[in-house]
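Using the sequences and the hints, build the whole thing.
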Amino acid sequence: MSTSLIYALTGIVIAGLGLFHYLSQRNILRKILAGNFIGTGIFLFLVSSAARQVDGPIDPVPHALVLTGIVVAVSATALLLALVCRYHDETGSLTFDEENDE
Amino acid sequence: MTHSSILIWPVLLPLFLGTVMFLIRGRSVLLLSLAAAVGTALTSFNVCRIVHQSSTLIHEVGGWGAPLGIVLRADGLTAVMLGLSGLVGLVISVYSLTYFKSNSRKEHLFWPIWLLLWGGLNGLFISGDIFNLYVTLELVSLGAIPLIALAGTRNAIKASLRYLLLALLGSMSYLFGVGLLYMRFGVLDLVMLGNVITPDFTAYVALALMIGGLIIKAALFPMHFWLPPAHSSAPAPVSAALSGLVVTASFYAIARLWFYAFPALELAKLSQLIGLLGCGAILWGGWQAIRQERLKTLVAYSTVSQIGYLFLVFPLCNTAVEGSGIAWSGCILFAVSHAIAKACAFLAAGVFIKVYGHDSISKLRGAGRQLPMVTLAFALAGVSLMGLPPSGGFFGKWMLLKAAFVTGQWGYGVVMVCGGLLAFCYIFRVLEQFMTAPDENAPKVKAPAVMTYSVLLLAVAAVSLGFFTPVLLSVLGVDSPVSLVSFAPEALLP
Numbered sequence: 001m002s003t004s005l006i007y008a009l010t011g012i013v014i015a016g017l018g019l020f021h022y023l024s025q026r027n028i029l030r031k032i033l034a035g036n037f038i039g040t041g042i043f044l045f046l047v048s049s050a051a052r053q054v055d056g057p058i059d060p061v062p063h064a065l066v067l068t069g070i071v072v073a074v075s076a077t078a079l080l081l082a083l084v085c086r087y088h089d090e091t092g093s094l095t096f097d098e099e100n101d102e
Numbered sequence: 001m002t003h004s005s006i007l008i009w010p011v012l013l014p015l016f017l018g019t020v021m022f023l024i025r026g027r028s029v030l031l032l033s034l035a036a037a038v039g040t041a042l043t044s045f046n047v048c049r050i051v052h053q054s055s056t057l058i059h060e061v062g063g064w065g066a067p068l069g070i071v072l073r074a075d076g077l078t079a080v081m082l083g084l085s086g087l088v089g090l091v092i093s094v095y096s097l098t099y100f101k102s103n104s105r106k107e108h109l110f111w112p113i114w115l116l117l118w119g120g121l122n123g124l125f126i127s128g129d130i131f132n133l134y135v136t137l138e139l140v141s142l143g144a145i146p147l148i149a150l151a152g153t154r155n156a157i158k159a160s161l162r163y164l165l166l167a168l169l170g171s172m173s174y175l176f177g178v179g180l181l182y183m184r185f186g187v188l189d190l191v192m193l194g195n196v197i198t199p200d201f202t203a204y205v206a207l208a209l210m211i212g213g214l215i216i217k218a219a220l221f222p223m224h225f226w227l228p229p230a231h232s233s234a235p236a237p238v239s240a241a242l243s244g245l246v247v248t249a250s251f252y253a254i255a256r257l258w259f260y261a262f263p264a265l266e267l268a269k270l271s272q273l274i275g276l277l278g279c280g281a282i283l284w285g286g287w288q289a290i291r292q293e294r295l296k297t298l299v300a301y302s303t304v305s306q307i308g309y310l311f312l313v314f315p316l317c318n319t320a321v322e323g324s325g326i327a328w329s330g331c332i333l334f335a336v337s338h339a340i341a342k343a344c345a346f347l348a349a350g351v352f353i354k355v356y357g358h359d360s361i362s363k364l365r366g367a368g369r370q371l372p373m374v375t376l377a378f379a380l381a382g383v384s385l386m387g388l389p390p391s392g393g394f395f396g397k398w399m400l401l402k403a404a405f406v407t408g409q410w411g412y413g414v415v416m417v418c419g420g421l422l423a424f425c426y427i428f429r430v431l432e433q434f435m436t437a438p439d440e441n442a443p444k445v446k447a448p449a450v451m452t453y454s455v456l457l458l459a460v461a462a463v464s465l466g467f468f469t470p471v472l473l474s475v476l477g478v479d480s481p482v483s484l485v486s487f488a489p490e491a492l493l494p
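So the sequences go chain by chain: A and B.
Taking this note's numbering, the leading residue of the first sequence gets 1, the next gets one more, and so forth.
Taking this note's numbering, the leading residue of the second sequence gets 1, the next gets one more, and so forth.
Calculated from the structure, these hints are not laboratory results.
A portion of the hints provided could be inaccurate.
Claimed, not checked - Not the full set, but computed from the structure, chain B residues with beta-carbon under 7 Å of chain A:
id: 1; residue: Phe131
id: 2; residue: Leu164
id: 3; residue: Gly179
Since this is a predicted model, take the numbers as computed values, not measurements.
All C-beta atoms in this analysis are idealised placements derived from N, C-alpha and C, irrespective of residue type, glycine included.
Okay, here's the thing in structure tokens:
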């Protein structure tokens, strides 16, 4: 088992754990954290795919992709947190099911 | 290929001016916004014209070609989409000049975010590789969601939060797929990927992750539940942009992948599954639309229903069957006419909200007498949504029906006809209220002229699109993935 494969599998496990919590948690802040876990897992997977041959040169493209992905994830998280603050101000709640629609 | 640099302007112009707009205040915001909107639309139309006259435009940004650099590509499909976003975007901008007319900081925030969204959409349409598609999809989501929240109501905040959480899941799934494809095939460029891809396990997993993620964003049934609250609680021009352009853009990304990057894969079973989901969307969306009490929620459910038609292209456009290319033309024509008609319907609903202060259908009794032009516009948009001639919706649906018969999949034809009947019901439910005589002592009301005429312009465009079908198809024919059936009336007959 090569090192990069271990990293790739770890990435998938982290993403899977994140997905599980993303779907099962009701608290929005926990959901956002879980979403970041999914992102981190996928980024780890992508970075590990840069080692295309054992002891060979590293492929720079996945690193560039991950950097861009991190920027996107940070902006999305910032927007989510801003919205959660507004939502908490409006409803005093951190879950979706406390009050009725409409 | 020096002239290929015209491709960057529909993206660069709104992104740059949108950023500038964050910094300035006062009346100059409106002037600069109008200039930015006109400029963006004109540069989009220009790309459209050049692609139609010559052929596919390819621009390597900064002189760095694929596989390392960013390649922008505009073929016939891109040109059609850019023309659409130019037209709808321009009308939305002009309408918004009056809709957001108070000089408050909050209302001015509409402009920079809207220009970022518009630039993101144009960027999505000209993306030449799957990673740029990811970045621009995110840009579109990050632009669309603050615009919904701009309404400031509790429902709007809640809907935008839900939408963003789901959109994030969708884009993570898509990104994972991109990573898998790059790991296996070593390319990101759409055309190169289409050439090297082989039907193996990794390719199928990547396909499922990418299409699955995009289906959330495109709100295909049963992942549609975030759409009606989000689209109905946003300010009217934003709803128009979301239902008209953003959803269409997510569908565009799926079609782009399906027909350009994955043609080598065996997708017949998956296409039937997507077709079934499309049927579910048509019937469920139409049924829910009939039951809605508010005009904007009704129009939003109508979007859910109409998205279903678009997804029927996957089972219907089977390259093995001769003549099924008509499904592709029909689907794109349907997407364009739906975008125009739906933007028109939401903008018309916005006029009612501005004038009456609400959009409850039962209380809009007599609006037809008081606001005849806007009611006419809504009715014309309805004609296109129902698929009556000579609207673009009619020809699009007709072509899809023809494809259902050519490929022997009659069931889809039946669902399409039922969807048309449901559309008939929900549109006439609204028109019936509008056409009833108003109360004797109803106050006199007047709609702003700019809003009325911009809505009317879109309505006329939606209905007369049928006459421009040959032009649209000849643009679409530039580097089309399937052989298009030439637009002749006899080609449409079953």
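Against the structure, the hints come out as follows:
1. Evaluation of the B/Phe131 hint against chain A yields a held restraint, the C-beta minimum of about 6 Å falling below 7 Å.
2. Because the smallest distance between the Cβ of B/Leu164 and any Cβ of chain A comes to about 6 Å, under 7 Å, the interface hint for this residue holds.
3. The criterion of a C-beta within 7 Å of any C-beta in chain A is met by B/Gly179, whose closest approach is roughly 4 Å, and the hint holds.
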